[in-house]
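Participant: Here the protein sequences line up with chains X and E, keeping their order. For reference, each letter of the first sequence is one residue, going 0 to 454 in numbering that gives the first Met the number 0. For reference, each letter of the second sequence is one residue, going 0 to 484 in numbering that gives the first Met the number 0.
In short, the hints are calculated from the structure, not lab data. Keep in mind it's a predicted model, so treat the numbers as computed, not measured. Among the hints, erroneous ones may be present.
Unchecked claim - Covered stretches of chain E (in silico footprint by chain X; criterion: 3 or more residues with CB under 8 Å from a CB of chain X, positions within the stretch not fixed): (1) 85-97; (2) 244-257; (3) 415-427.
Unchecked claim - Simulated pairs of lysine to aspartate or glutamate, EDC-like, Cα-Cα distance not exceeding 16 Å: (4) E/K79 to X/E44; (5) X/K233 to E/D294; (6) E/K203 to X/E130; (7) E/K439 to E/D294; (8) X/K233 to E/E435; (9) X/K331 to E/E59; (10) X/K331 to E/D58; (11) E/K358 to E/D90; (12) X/K330 to E/E59; (13) E/K203 to X/D273.
Heads up, the beta-carbon is just placed ideally off N, CA and C, and yes, glycines get one too.
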Amino acid sequence: MSLDPNRMIELGAEVVSRAQKQGATIAECTVQDGAHLSAKVRLGEPELVEEAASRSVGLRVMIGQKVAVTYTSDLTPGGLARLIEDALELAQLSQPDPFAGGPELSQLSKTSEHPDLDLFDPAVDGVDAAEAIRRALLAEKAAMGHDPRITNTEGATFTRVSGMGALVTSGGFRGATRGTYASIVVNPVVDDEGGKKRSGYYWSSRRYLADLEGEEAVGVEAARRTLRKLGARKVDSQEVPVIFDPDAARSILGLVASCVHGGAIWRRSSYLLDRLGSEVASKLVTIIDDPLLVRAPGSRPYDGEGLLSRRNVIVEQGELKSYQLDTYSAKKLGMKSTANASRGSSGGVGVGSTNFHLLPGSQAPGEIIRSTKKGLYVTSMMGFGFNAVTGDFSRGASGFWIEDGELTFPVSEVTISLNLDQLLKRIDAVGNDLDPKTSVAAPTFRVSSMTLAGR
Amino acid sequence: MTSYSVAMATRYVAPFGSQGAEPVDPETVRKLLTIALSKGGSYADLFFEYSASGSYSYDEGILKSAGRAVTLGLGVRVMKGDATGYAYVEDLSLDAMKRAAQTAANIASGATHWTAPQFVTPSLASRYAVRELSLDMPGVDKRALLERADKRAREKDSRIVRVDASLSEELREVLIATSDGKLVHDSQPLLRFSVRVIAEENGKRQSGSSGGGGRMGLDYFDGRSPEWHAEEAVRQALVMLGAREAPAGELEVVLGPGDSGILLHEAVGHGLEADFNRKRTSNYTDQVGQRVASDLCTVVDDATLAFSRGAVNVDDEGNAPERAVLIEQGILRGYMHDRHSADFFRTPATGNGRRESFKSHPMPRMTNTLLLAGGDDPEEIIRSVKRGVYASHFGGGQVDISNGDFVFSLTEGYLIEDGKITAPLKGVNLIGNGPEVMRKVVMLGNDMKISDGIWTCGKDGQSVPVGVGCPTMKISALTVGGTEL
Chain X
0 MSLDPNRMIE LGAEVVSRAQ KQGATIAECT VQDGAHLSAK VRLGEPELVE
50 EAASRSVGLR VMIGQKVAVT YTSDLTPGGL ARLIEDALEL AQLSQPDPFA
100 GGPELSQLSK TSEHPDLDLF DPAVDGVDAA EAIRRALLAE KAAMGHDPRI
150 TNTEGATFTR VSGMGALVTS GGFRGATRGT YASIVVNPVV DDEGGKKRSG
200 YYWSSRRYLA DLEGEEAVGV EAARRTLRKL GARKVDSQEV PVIFDPDAAR
250 SILGLVASCV HGGAIWRRSS YLLDRLGSEV ASKLVTIIDD PLLVRAPGSR
300 PYDGEGLLSR RNVIVEQGEL KSYQLDTYSA KKLGMKSTAN ASRGSSGGVG
350 VGSTNFHLLP GSQAPGEIIR STKKGLYVTS MMGFGFNAVT GDFSRGASGF
400 WIEDGELTFP VSEVTISLNL DQLLKRIDAV GNDLDPKTSV AAPTFRVSSM
450 TLAGR
Chain E
0 MTSYSVAMAT RYVAPFGSQG AEPVDPETVR KLLTIALSKG GSYADLFFEY
50 SASGSYSYDE GILKSAGRAV TLGLGVRVMK GDATGYAYVE DLSLDAMKRA
100 AQTAANIASG ATHWTAPQFV TPSLASRYAV RELSLDMPGV DKRALLERAD
150 KRAREKDSRI VRVDASLSEE LREVLIATSD GKLVHDSQPL LRFSVRVIAE
200 ENGKRQSGSS GGGGRMGLDY FDGRSPEWHA EEAVRQALVM LGAREAPAGE
250 LEVVLGPGDS GILLHEAVGH GLEADFNRKR TSNYTDQVGQ RVASDLCTVV
300 DDATLAFSRG AVNVDDEGNA PERAVLIEQG ILRGYMHDRH SADFFRTPAT
350 GNGRRESFKS HPMPRMTNTL LLAGGDDPEE IIRSVKRGVY ASHFGGGQVD
400 ISNGDFVFSL TEGYLIEDGK ITAPLKGVNL IGNGPEVMRK VVMLGNDMKI
450 SDGIWTCGKD GQSVPVGVGC PTMKISALTV GGTEL
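Pulled out of the complex, with its shape left as it was, chain X reads as follows:
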């Protein structure tokens, strides 16, 4: 029973108007409606088929400068009445925040200005359970058929998701967006020496079904990535150059994103505080946040407060150009919103990145490896060892040992450490292999020296 965009906007408008009548100075309502299907197979048999539709309403109100947020999946008349009543009651409990408020009305975008970013593929919703199972089976079979050593898997899963969201604010903003994703992942497991097993995976995810990598290709790549881990071992502790493959590089870039968010800045919780206009990375580093990329995972026509989406340069050739701000954090810092408000389905507003990319350099990843005499090529990291306040970074890593420009043997159970400020400044090579399949994305890059702790 899905709602159409007009009906969602109507519902949002009704909630906003009732909240205003009951005393809200500002009311902003989001309505979400989504459906998903996921089919997981294992060893050639279906293991889990999950299918559901879900919807919810989130509300943020202000009475003067007192703020409250409510959320419900109970869309019955009683559920909606309580959503509004609770919000107003809680707002009375909050205390006036001089910086609270919505964006200036002149900043709000109009529906006619919202670009079509081609985020919705009707074919995605057309995949039924049988077809999803078929695709997952193909992918798993390709992985298992690739090499006789692959006798077990954690399964292969095909997932489709489609969602619509509407935002209505008492400031007059009305917008609705919709989007789809399809993804496929395969997770083989192989036996290694000493009773250990090695688990690996590969996945593809796209807005459009037809843009997905083929099931066989995903399965074969998953098999390759799992087999190459066989025999992984520790190496001695030392200072070495470290190359991050795009998966590991993306995870470093995610840390950078968390440190340029306005909330982290005004809370004095980021090592990048007071660093605008200064050098924060090597000249090879340019980072952008671009919500306008067609068919990209993090794209959106307007931000969580209704401001028109725009591309922002965060770091340009090593210099910190901009933080990422919503209206609130911009006011706190005496700056202007960068249209990076992100409204969670729960109704609350914070800062969020969109497509946050380290722009590609000119070198092929193979060239970067070949030009490294000795070092660690990192393909995955583990743990949460990052302190945004100081930039201190220390995480578990696994990957491959580089000797004379060649990947030699797999490495696991080591950590790599270096303060993020130093890490970004020591980037001395950036690859040309940016894959925007994730909203935070980075190409291969090399850090000239990090501390590796192992044996």
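Since the structure of chain X is provided, determine the placement of chain E on it from the hints.
Facilitator: Coordinates of chain E only, in the frame set by chain X:
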């Protein structure tokens, strides 16, 4: 139909409960299960869930925002052999529920052979009979608790430049009906309080935090005051201002009591969840009866700890958990089971089948994972270390189930030199291999402590509240991920 073992929220009541607007009766359950099994599924269950939660965030000396969320829904699961069909719905009208049952039924293809049993409601333990639910208490009381933490943190030291404190509360009501005739209700409160501060001195900046809670009401604060958490956060931030670079490489490591239980959770807990062993993807596969840790180690998963964050009266499949011994004096005794894995291993379910919400299928999950006390004096343990690291607080951890490699990140640690705790160290990761590290537990303190932490465990995208605990323990060699070679 069902009896309520804990105080009911006065304002937030599950519509499907016996006090609700539209109570679900055995007849409705029978109808839905009949549809769920109409295609020949061998087992089905219905999971009704209602959750009301509140959050209060105090920041810069004011209650900046208050929030509330109410969710409800039904998850329908149908099993046929090892295959599961799952569907959920948020609209609890009979038609919508029937459609969900129909969708889940499609995992099987055949004819039904189910006859409805007489539904029985088993009596449950009462592990969190909270007298007054936090949700029912006036908002100003909760604001006052946050104010107290804020005030104490600011007064404590002039180097504290920022304080934020938050309180969140939840009441989760579940009603579980199984095709083998169980009809179980439980009502699970959860409270969480935390304080975070930033200290600045001479251009250096550090944070400190403290938090706690459990399946409790505001009486939690009778045992541990907001001021206590504020002072603890301040202490931590100030200690960290003086932190030096941590060493890199293999060292002797002493883990302090309580929080370090995260090691057990990562190093052995996940690998002993029976789904991984059923699928033979865990490094503990086929090792029941074998030595997997030093003989000092006895590890239990204990859902019975009253009022604890990981406690449950009943799991999310209707099975009542008890205290399960996983490792006894170093020997692996058994896994943590959900219904599916228990069937596979032909063993009783251990009541570890948990799910994040009605939107998710159950899996074997931990509750409170504990390493029991040993016989050593904690001070003696520290004195026995020539050069090593003392770990007292952790930020979290992660494990690769397939080979047991795990990390956990240290947020407060110290150097041990000549048997004495000396300089504080910057946050680092510790990395090791679960089975290897458990064999290197060479001393175990007599000071077993349950962490008052606010741990949340993630698996396959599902988060559930858990607890950890352990005594002081010494590990003969663990890789410390610092920067000083």
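Participant: If a hint holds in the structure, say so; if it does not, say that too.
Facilitator: Each hint, compared with the structure:
no. : hint             : result
1   : 85-97            : holds (count 7)
2   : 244-257          : holds (count 4)
3   : 415-427          : holds (count 3)
4   : E/K79 to X/E44   : holds, 11 Å
5   : X/K233 to E/D294 : violated, 26 Å
6   : E/K203 to X/E130 : violated, 57 Å
7   : E/K439 to E/D294 : holds, 10 Å
8   : X/K233 to E/E435 : holds, 13 Å
9   : X/K331 to E/E59  : holds, 12 Å
10  : X/K331 to E/D58  : holds, 13 Å
11  : E/K358 to E/D90  : holds, 13 Å
12  : X/K330 to E/E59  : holds, 15 Å
13  : E/K203 to X/D273 : holds, 13 Å
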